[in-house]
Every structure is written in C-alpha cells, then in structure tokens.
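Novice: Listed below, chain by chain, are the residues.
There are 2 protein chains.
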Amino acid sequence: MTERFSFSLLATDGKARLGVISTPRGEIRTPAFMPVGTAGTVKAMMPESVRATGADILLGNTYHLMLRPTAERIDRLGGLHRFMNWDRPILTDSGGFQVMSLSDLRKLTEDGVTFRSHVDGSRHFLGPERSMEIQRLLGSDIVMCFDECPALPADEARVAESMRLSMRWAARSRDAFGDRPGHALFGIQQGGVTHDLRAESAEALRAIGFDGYALGGLAVGEGQEAMFGVLDFAPDMLPADRPRYLMGVGKPDDIVGAVRRGVDMMDCVLPSRSGRTGQAFTRRGVVNIKNARHQDDPRPLDEACTCPACRNYSRAYLHHVFRAKEIISSMLLTWHNLRYFQDIMQGMREAIAAGEFAAWQAGFEAARAEGDIEPL
Amino acid sequence: MTERFSFSLLATDGKARLGVISTPRGEIRTPAFMPVGTAGTVKAMMPESVRATGADILLGNTYHLMLRPTAERIDRLGGLHRFMNWDRPILTDSGGFQVMSLSDLRKLTEDGVTFRSHVDGSRHFLGPERSMEIQRLLGSDIVMCFDECPALPADEARVAESMRLSMRWAARSRDAFGDRPGHALFGIQQGGVTHDLRAESAEALRAIGFDGYALGGLAVGEGQEAMFGVLDFAPDMLPADRPRYLMGVGKPDDIVGAVRRGVDMMDCVLPSRSGRTGQAFTRRGVVNIKNARHQDDPRPLDEACTCPACRNYSRAYLHHVFRAKEIISSMLLTWHNLRYFQDIMQGMREAIAAGEFAAWQAGFEAARAEGDIEPL
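Protein chains in written order, with our numbering: chain A, 7 to 382; chain B, 7 to 382.
None of these hints come from the bench; they were simulated from the model. In this text, all values refer to a predicted model and were calculated from it rather than measured experimentally. Treat the hints with caution; some may be incorrect.
Claimed, not checked - Between beta-carbon pairs, the in silico distance windows are:
(1) A/294 with B/122: 28 to 36 Å
(2) B/159 with A/130: 32 to 40 Å
(3) A/76 with B/17: 30 to 38 Å
(4) B/161 with A/298: 20 to 28 Å
(5) A/114 with B/309: 41 to 49 Å
(6) A/129 with B/283: 58 to 66 Å
(7) B/302 with A/296: 48 to 56 Å
(8) A/125 with B/164: 48 to 56 Å
(9) A/129 with B/159: 51 to 59 Å
(10) B/283 with A/84: 43 to 51 Å
(11) A/20 with B/123: 26 to 34 Å
Claimed, not checked - Below, simulated DSSO-like cross-link-like pairs (lysine-lysine); rule was C-alpha separation at most 30 Å, straight line:
(12) A/296 with A/331
(13) B/296 with A/331
(14) A/331 with B/257
All C-beta atoms in this analysis are idealised placements derived from N, C-alpha and C, irrespective of residue type, glycine included.
For reference, chain A alone in the conformation it holds in the complex (with noise of 0.2 Å):
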C-alpha cells in the first residue's frame, strides 16, 4: 500500500473521467460518492455495511464533532476511524459551511467566525488554523480548507468579497496543514455562478498548491441547471492532474450531470436522510415508501438491486415498518440508497473505462423516465 496521496487519471469519456485516489489507508475509486458520516456514524448504518454499499470513503463533519465529542477527546481515543470502525479514507469538511448554516449567534471576522454551539450553547471559534488542527486531531486522510461560503443568489459584490476572504484561508490554511506524508489538503473554488470570480478562484488556488481541488458554493439553492452552468466551465479552470471534488452533490441526476462535466468525487446526505424518511432512490425514479400503494405489493423495492432491503423484503414489508415507525425501516432504506448512489458510480466507472458514458447515461435517464413500475 502506498505512503503517499496520489491521484491517477486512468481513462476519460468526453470530460468524463476515470481515476483512482490512492491513500495509506486504501484506494478510492473515482468518479466516487461519499457518504456523510456526521456525527461518527453514517446514520441507521453499521460501517462494514456502508461498505458492503461500495464505498471506498467517508465525509465526516468537523462542525459536528469538535462540539461533541470534541476533536481532542477523538484524539485522545485513537482518532475517527478506530472511534467510529472505519479503516478506510475519510475526508473531512473545514466546519466553515456548516458554522454558518447550523450554528447560532454567528460572529464573522477576517481571523474566523465566533458562534454559539447549537446543541448546548457553548461559545466556540473556528478558523483556518483551528479547522486544520481539529481535521490533524481527527486523523482525516483529505482535510479541507476553511471557507466561507455565501448562500445563492446572492450579490455579486458579497460573493466577490467572501471568495477573497476564503483565498486569504486557503493560504492560512496551507500553512497551517504543514507537510503531512500520506494526508491531502484540498482547496476550495469559491466565485458563486459568475465565470471570472471562479477563474480568479481557481488561479488563487493553484498559486498556493493543493493535492486536490474542490468546488464550493454550489448545491445552495442555485438550481440544478445553474449548477450544470457553473460545471461547464468551472472544472476546467482546476488542474487535470488532481481529483476534483464537488461539494454536497446531489441528487442522482445531479451526479450523473457533474460527472460528465468532470467531477472526481461527491458527497451528500441525501441517500441517508431519504432513506429515514421513506424516500427511496430506484432506477425507475423515486419511490415514496409510505404511499398506500405499497401495502399489498410482494415486489422488491428495485428488482435490480442487490441490497438486502431488495432482495430479502417486499415494498408491502418496508412500507409496514415505515409506518410502524421501527428503525429497521431507516437501516434498510439507508442500505438500498447507499448501494443505488454506489451502483450508480460503478455504471458511471464502467462506462468512462468502455468509452460508454453518453450511452449510459442515455440509459440511466430512460430507466428513469418510465416511472415507478405499474401498482398490482
């Protein structure tokens, strides 16, 4: 196994690109998902199960944790993976975004932001060099640089001037990560929907050097067809030789889209957060558990799949303990969404390696435009 992070560009699609991201702790297939492990567990799941999934990483929140348990106490303990049974990668975000949605009482200044803890109050402060200290103490394998990130739409003039503020970090934060062999750092495009705030972005970036570079800003309430606009130009404007990485992305045709545009690696909390709601992901579309509908129906959820929710249980089962209100409910949705988000990177994977993309992805929009199958 390797000593160091390194990122192999093994074949592209049009822009579609396939690779692989080689870490101490194990290979990360690329075009990757990400599932959000927020609090030290990818919610309603047991970690070899979300790898039994297909996935070769995690995202795990440094907002959430440096509050509770607390970076140190996670250090103390051996560091995140052995705390949460995760051997392999995890990546974790700056806290920056997450300050700024979740957090109350919010104070922002160019050393940091001072806030007020939303689970008990506390008062804490988060800036580029604490951020990298706490991702140090956590262990993550791809620490992220601390940002700011303005929610969408928003004025241009506010954007301009929180993308600069987030380049000052970023070079604090190279400072602050130091050289640490085997551990990535990855930069942050700011610049919202507007061209020459992202080109200033990026070249920013790349005059301080980082092993990867992410996209941020984008999947806040922008739309999917200005996100798409943004993904036209904006991956290619960060270096081709380093993994390209968009930020809480997305629903599976937003991933599907910002693969073909060039992007490396996603994360999102959707398969999970769907999954506790009766909201599964199908390739025939969105099913929606809890519909009547369901209640007499023997059929798998997707008789494509693989997961034990669809090949141990009926839809008329799950749509049972939905209702009923049992955990079991979340664990197998969260399972069968997971694997949908893994086998769609794996058909993505296959495909760019087949020089196949276009007419995959030709297929994944027919599967879904069927709809759901016909109710009994």
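On the provided structure of chain A, position chain B as indicated by the hints.
Specialist: Quick look at chain B alone, frame taken from chain A:
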C-alpha cells in the same frame, strides 16, 4: 429435517433441564431465550444479526400484527416468516395479554374481548377462535392458547375466576387449532401465586393435552421472590416430557433462577428495549452508557463479549452515539444485550450437560457481585 414438532430432554441437573425442540423450521436448543419481534422486527436489528446472536426462535405479537399490517395481509404476502425474513421458528402469543395491557375500552365476556386499537381507535374482537385463526394466518410454528391474565397482586377470587375462564378458553383454543402437523399449540397455566389454583389449572390443561405448557400470569408485578416462590412448585405440575415456557421473563437473574427451577423457554423485550435506552447487560451487571464516566473510556463494554459493540467500539463511542441520539446506539446496544442473553443460555446449556449448573450459577452471581469495572 423433521416433519413434526417434538421435544427431547437430553439431560437434567437438579431441576434444570437441557433439551431440544425439533420443528420443520429448525431446532430450538433449550433452555432457550426468545427475542421479541413485536411488529415484524426485533427493533433495531436485522434478522440475520438476531440469528448471529445465537437465537433459534423469535416471538411475534398477535395483538400488534393483527392491527398492523393485519394477519390477512401477512397471509397474502406469504406468512410472517417470509414477511420479516426469518426462516426459523416463530412463536406467537395469543394477543390476550397485550389486549388487556395496551388497548383502549376493553370489554371482556365469556366469548372474548372487544377493544379499540391503540394505533387508530378502530374496533376489534379477539377470542380463542379468532386468535387461533390469526396465528394460523401468520404461519406461527408455536401457537399460544388465548388466555386472560390479571395483573398481580390481585384478589384470589378474581385470580381463580380468571384462571377458570382461561381454562375454558384453552379447550376452545385446542378445538379451533385442530390438527396441524409441524405446528404446536401450547396451553398456559394460570392461577397467580396460589398453589391450589396452579394445580387446578395444570390439571385442566393436562386433561386437554398440549404440545407444550406455558407458565402464565407471572412477571406481572409480583416481584422476583414471589415469582420464584411459584416456580418452586408450578413447573413440576406440568408434564416432564413437554417444554415449559415462562412468559415475559426477564432480567438475567430471573432467567437463571427460572432455568434452575425447570423452565425451558423464555421471552422478554428487556434486552432490546434496554438497548434503546442506553442500558447494557454485562457479566458484571448493568451499565448505563449515558453516564459521563464512560465518555473517555477506551475499553469495551464487556471484555468477555464477542458482539460487534464489544469487539469494535469503546465505551466512549457508545456513550457518544447514545448522547447524540444516533440510531447506531440502539443497533449496537441491542445487539450486545441479545448476545449477552444468548451467552447466558449457552452457558447454562453447557453447565447442565456437564452437571455443573450450581457452579456455573455461582460464577454468574460472583461476576455480577463484582460490579462494573472501575472508572479509569
């Protein structure tokens, strides 16, 4: 595999009995602990995980299942085993006990009980014939007679009247059950804590004739001393060549005391329910994982346990996920508790086979008397 239901007594040690129940769906090693799968799921567990804890048989609740999703629906879907993905034996209770404890506006007559559902207020009727029908529709392997059970302490006249009603219902249950090879019907002894009423009830049941005999009307508020007092004589009133099932028991020391007194089967929600409230049963007694003393503790819950919670996680992690209300907390603690209960059963089975039950019990009690490991 056998076509018929049968019980073989393999060894005894004092009154403690080692045996095996053979059914077309597999063997049940006795003494047996049956996890409770109330509404078609052992809460927070996948059925393959329940099996991995060592369970040979599950209990399903007629009352819950008749209300939702309904017995007729489960029958149309191929029966409870297929519905919940558990192909080994299932015992169902008769619904009688839970109707009295959970439903609203009960009206008890010689015929049965009319009540309102606690789920949606709908009106239902349950009597011996309907209970047999429901348990047949569910596909239960071990069917329980429909009975009535007063909470203790109760007036002796009330207990006697209730017991005699239950004996008339037992005869009706036997008639309604009919001849179903491979399936068993168990009678339920009642009579509270009174020797003569227990004897009268046992005599009535033996006259009817059943495949197994349950001790009902215990673990309903009388306390361990009173329960053991009854168990000192009541099991001996039942046929030695049939399994004896103590319903709704119990805590680890209740279980050990019951086996010592000649009980072969038990069920209880305690390991799963406690798992969801942060209470873990260990060789050294009960651990409340929410206690702050565990927050920095890198040690396993129970170092002698081989369940995933103990093999792969620290007390600190279990504390964290309980505090953060993560679903994995219920998953891990339930798994641990079910495994611990099965470990007790396995320990007792081995001890009876070796003629060392008393020594085993002394070791069990000595470990508990030590109390939890010292804080770090």
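Novice: State for each hint whether it applies.
Specialist: Evaluation of the provided hints:
1. A C-beta distance of roughly 29 Å is found between residue 294 of chain A and residue 122 of chain B, which places it inside the suggested range of 28 to 36 Å.
2. At about 55 Å, the CB distance of residue 159 of chain B to residue 130 of chain A disagrees with the hint of 32 to 40 Å.
3. A hinted range of 30 to 38 Å is violated for the C-beta pair residue 76 of chain A and residue 17 of chain B, which are about 54 Å apart.
4. For residue 161 of chain B paired with residue 298 of chain A, a C-beta distance near 47 Å fails the hint of 20 to 28 Å.
5. At roughly 48 Å, the beta-carbon separation of residue 114 of chain A and residue 309 of chain B lies within the given 41 to 49 Å, and the hint holds.
6. Our hint of 58 to 66 Å for residue 129 of chain A and residue 283 of chain B is violated, since their Cβ atoms are close to 32 Å apart.
7. Between residue 302 of chain B and residue 296 of chain A the beta carbon distance is about 41 Å. The supplied range of 48 to 56 Å is therefore violated.
8. Range check, residue 125 of chain A to residue 164 of chain B: about 51 Å between beta-carbon atoms, so the 48 to 56 Å window is met.
9. For the hinted restraint 51 to 59 Å between residue 129 of chain A and residue 159 of chain B, the CB-CB distance of approximately 55 Å keeps it satisfied.
10. Checked against the hint of 43 to 51 Å, the pair residue 283 of chain B and residue 84 of chain A fails, with Cβ atoms roughly 28 Å apart.
11. Between residue 20 of chain A and residue 123 of chain B, the C-beta spacing of about 58 Å breaks the proposed range 26 to 34 Å.
12. A C-alpha spacing of about 11 Å is found between residue 296 of chain A and residue 331 of chain A, which places the hinted pair at or below 30 Å, so the restraint holds.
13. For the hint linking residue 296 of chain B to residue 331 of chain A, the alpha-carbon distance of about 24 Å falls within 30 Å, and the restraint holds.
14. Between residue 331 of chain A and residue 257 of chain B the alpha-carbon distance is near 26 Å, which keeps this suggested pair within the 30 Å criterion.
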